[in-house]
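S.K.: Taken in sequence, the protein lines are chains R and S.
Just so you know, the UniProt record's numbering puts the end of the first sequence at 271, numbered straight through with nothing missing.
Just so you know, the UniProt record's numbering puts the end of the second sequence at 271, numbered straight through with nothing missing.
None of these hints come from the bench; they were simulated from the model.
Check before you lean on any hint, since a few could be wrong.
For identical chains, the list gives no copy identity; a pair is met inside one copy or between any two copies.
[Stated by the list, open to error] Below are the PhoX-like pairs computed for lysine-lysine, each with C-alpha atoms no more than 25 Å apart in a straight line: (1) LYS231 x LYS261; (2) LYS81 x LYS176; (3) LYS219 x LYS147; (4) LYS81 x LYS164.
Treat the numbers as computed from the prediction; the structure is a model and nothing was measured.
Protein chains: 2
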Amino acid sequence: MGEPDAKRLKTDDEAEYELIYWPGIPGRGEFVRLLFEEAGVPYQDHSRPADQAMAWVLRLTDPMNTGDDSNPPVFAAPVLKHGSLILNQTPNILIYLAPKLGLSPPPTETAFYHLNQAALTILDGFCSEVHETHHPVATSLYYEDQKEEAKKRSKAFIEERAPKFLAYVQRLLDSKTSGDGPWIHGSSLTYVDLVLFQCIDGTSYAFPKTMANLKSSGKYRAVFELYEAVKERPNIKAYLASDRRTKYADGIWRHYPELEKTIEVEVTLKE
Amino acid sequence: MGEPDAKRLKTDDEAEYELIYWPGIPGRGEFVRLLFEEAGVPYQDHSRPADQAMAWVLRLTDPMNTGDDSNPPVFAAPVLKHGSLILNQTPNILIYLAPKLGLSPPPTETAFYHLNQAALTILDGFCSEVHETHHPVATSLYYEDQKEEAKKRSKAFIEERAPKFLAYVQRLLDSKTSGDGPWIHGSSLTYVDLVLFQCIDGTSYAFPKTMANLKSSGKYRAVFELYEAVKERPNIKAYLASDRRTKYADGIWRHYPELEKTIEVEVTLKE
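Let the sequences and hints guide you as you build the complete structure.
M.R.: This is how it looks when you write it as structure tokens:
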């Protein structure tokens, strides 16, 4: 076992991983779940039962909460608890977890930063921007109260943003740093492939016609092949078939058929 | 000099830092500049002259670019070039640079992740969401073509989002992990303080009345004290007085007086 490595992250690595997230939606909690599931690492999922999950999230994100002796307060769920360590912000949880779970090289490698930039970009395009399609005015308003603005924003997403982000991921896959096989970086699966899988899956739920059209264009073949390859990973396949996989609902990825019928929307997008 | 450290980030640490960014606006490039300026570390700023800056950005973000032997393609500026390493995504550039510049603990410390989550949250609130206030429909449209939607989004920003994010930063400063002095983490200045400074500065330019009101409420005193403290750092003070500091223009932080006059906008925000 030898001496403790002074450079090792100062946390209780043996502690159980705990995910705190809203109940009833996959949401941003799903990215964290997929890492544990692929790695086959046990974790406690506090998103069930619903009432306890709500209590967890509300306690942690309480406007009076100022954290504890070793943790600053969190802003929003998902929250990762690992022993006494408490973290939030999805891309931050991912870069903390991925090297520990064998799904990323450590921060001593430049690939760590190349993966982080890919994750941030994919999350921008297919998570944050998809949320904006149904909530372009305010998160605090009902969708029904911003439907007209949502149609305009969706038109821009369908015609410009989705193709732009898909084209970028296709270029990542065409790059030399992608290596062999279906994966984004270095010829082996990393957490970024799982992030992409969830983003494509969620966006395909929200905008099925759009994503089917984009797929059948053939321009983003490697992206959709990667999606299928992740789906066939034994641990992921078992997870998707289990009741641990939460169904889509009123979260980030929502299906409003009218948002794909944007042909009559009066927005002239520039090139 | 001894043996090379195998755990050291594999990059040419002696190489000059280069920032590639759009000309004429502070934008997201400003976060990167502030790190170099505070640390007193030389860097080459490719945002001037304008024509060369445009050529740099357009070449790097070209839709045909698939990177090189060791770098995947970048999605957008700002881009950091450090020897043969090329990185993009602002929060990613920041976590790469900050430990090297003495503005963050290394990734072996949990504080690295606590700082990253604070940076991501502050950038969400006062950079990305401020951009959305004038471009709620599409980045590719002129502001004038989405002015009505911008008024609604701005109302939500002014009444809900700005107070929510300011309250969170105030809580960060009230936390035990903030330590003594004006800084966000561990009693000493880190890159996150610089990120907050730029965000408050830019948002105060865009929404001067709003930010003046929020300041005079007294609820976020430590946030505005931190802003002033950064402004008085000798290197930052000299930088702000220099012609290296780009003036605000049509970038992320824009001043449209009509967006602060939201009283007549028909949006009823829920609690």
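S.K.: Hint by hint, say whether it matches the structure.
M.R.: Hints and how they fare:
1. Within a single copy, LYS231 and LYS261 get their C-alpha atoms no closer than 29 Å, and across copies no closer than 50 Å, so neither meets the 25 Å cut-off.
2. With identical chains, the CA atoms of LYS81 and LYS176 are at most 25 Å apart between copies only, with a shortest distance of 18 Å across copies and 36 Å within one.
3. For the homomeric pair LYS219 and LYS147, neither the shortest alpha-carbon distance inside one copy (31 Å) nor that between copies (34 Å) is at most 25 Å.
4. In this assembly of identical chains, LYS81 and LYS164 lie within 25 Å of each other by CA distance solely across copies; the values are 24 Å between and 35 Å within a copy.
The structure is inconsistent with the numbered hints 1 and 3, although it conforms to all the rest.
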